[in-house]
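Protein chains in written order, with the numbering used here: chain A, 578 to 867; chain B, 21 to 405.
These aren't lab readings, by the way, just hints derived from the structure by calculation. Treat the hints loosely; a few may be bogus.
[Claimed, not checked] Cut-off 27 Å, straight-line C-alpha distance, at most; resulting in silico cross-link-like pairs (DSS-like, lysine-lysine): (1) B:160 / B:360; (2) B:360 / A:705; (3) B:391 / A:703; (4) A:705 / B:160; (5) B:191 / A:705.
Below are the chains, spelled out letter by letter.
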Amino acid sequence: MFFQTLITGLAVGGIYALMAVGYSLVFSILNFSNFAYASIIMLGSYIGYYCLAKFGLSFPVALVVTMLGAGFLCFLNERIAYSSLRKRKAPSLYFMISAMGTSIFLENMVYATIGSSFMAYPEIFKQKALHIFNSAIGVLDLFAIIFSFVAIFVLHYFISASRTGIAIRAASYDSLICQINGVNLNILIGLVFVLAGILAGISGIFLGMKYMAYPTMGWITNKAYIAAVIGGLGSLPGAVVGGIILGVLESFVSVYISSIIRDVFSFSLLILLLLFLPAGLFGRYLEEKV
Amino acid sequence: MKKKLLILSLILVFALTMTACGSSQPQTIKIGHAVALTGGSSMWGQAEKNALEMEIDKINKAGGVLGKKLELVAYDTKAEQTEAVNITKRLAGDKVVAIIGPGQSGVAIAMTSVTETAGVPFVATTATNPKVTVDDTTNKVRKTAFRTCFIDPFQGTVAAQFALKDLNATKAAVLFDVGSDYSQGLRQYFVEAFTDGGGTIVADEAFRSEELDYRAILGKIKDKKPDVLFIPTMQKEAAMAMKQAKDLGMNVKFLGGDGWASPDLITLGGTATEGAYYVNLASLADPAIQDWIKAYKEKYNMEPVMPNPVMAVDGLLAVVDAIKKANSTEPAKIIEQLGKTKDLPVLSGKLTIDPNTHNPLNKPAVIETIKDGKFAFHARFVTTD
């Protein structure tokens, strides 16, 4: 049972890690929690649903379309909701309010247009269990874990090795100096949001395949936030580690203590961390945790 | 600043006029409908509304009741307790003579706080928890609460005895929703009946409402090797549970209650639902209601999502009968007559309400199964005591 719980925890943690990285990416540059990220993931899930169920596209094509679509939506989100605030040098509180407003707006737009019923993804991966060391894992879960890690690795490589990546890291340290050094901050931030959106698209389509697409599915990003805090807001490797740790811990709490206590545990952990270890495991920033 | 003030006041006036312009039709008998039109239970809710509108049309074309036409006033409960209390207050304010619905036990119990003081009766459609009609703190029947469906003690017993006899199960596991009155109640009665019948419950796990990932818990259940996994929840959670159980390579028979009876179960659960069984209040294959199903299909271009529309029509016919017998539209008189309903021909057979519990007597149960991706009638079940 121990190993089964561990494997289940990794499967859940993989998705948390993906979302936490997207979250941390935006936090590292703009220093605020993008609460609208949940809605982008939800929209990504719906895009994936329409590609697979209504347009009958093949899975790889649907995945790419979802990634690009969600990336574009996240970019639009930034341009419409945050860029004007940024230009006016508004305090982070305004960004948060704008984010919440966007989130509520998008959720209700989906209610009003598509409707509130759950959209079931067609079965792409066979409903089979793969057995590793006497524990079982679904084919979809295994694929999701592997793909998530590949995506995060590609992102990490891009950020550490390419010129744009260096610019992003520079902007996360000090955006003013970065601009003085000739980086067009506007374009850079737009690009960061596109990247976050791509990750949201991947999360969305996997969440949709694992469960279903529905307007309030964005709630799960609260877990991503906890994962990002565990790893340290602003640190990308930290977000990955945080996601895995959270997934595995939740799994063990569910099995060995009580399944109902699981969320009580997760949020208590968040509170304890913010009180005693606000920088998380790898984090740099100690202010502006909200 | 002046311009902003002007625009703001224009918006305010506009909003107020919109709310004031409700339609008001004198000389109709208003029948309230507390129904989940959005959210997870919306497909049953919409089916109820469609069926009621179809039936009211029929009654109105035949001359109405006591010379007046019936009018359906439906508000969305979202299957939420707080929302339901709000809309019940609205319905009482709209002067409805009776309310059809709701379909959820927790919601119904919440509504009683308003209906008991307002004196407006409601006839629940698929709220099966016994606490809906009988207050468990005083053990007295609630004056305004009625229903047309069987209750969970009966349903739990049916499920348990079916598992013991037809599925030859000796060990059962239960996975239920801790936040749902329906789920808690059904689980309790199943566990009692299963252990009374000689079986053992090897695992009894709960999850929080709205939670969709049960893999950790299922891993724990898998270790105990049950013959049957009883999932007394709504279709969405049950579909996810079955899918995840199959992902873990679990080899059990799935069993459920009337909360499963939606096509959603199969679209969401996919091939994992194949061969699962569940207890239902009415079946699409029932020969007695085929004509009604045909009329519904012609009007709405889709099949009615069972069993709610049948239960709703039963409720409407009971209310209409009570109005006729009381020769009045006063809610207090309707309540009196509803309690005396006896052998009234309704859609699902004959309805007799027990005046002591406001529950219907002699409601049958059917066992349905999923075969080749579709619901199939399995058996009509009779319990042995």
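Against the structure, the hints:
no. : hint          : in the structure
1   : B:160 / B:360 : holds (17 Å)
2   : B:360 / A:705 : violated (55 Å)
3   : B:391 / A:703 : holds (18 Å)
4   : A:705 / B:160 : violated (51 Å)
5   : B:191 / A:705 : holds (25 Å)
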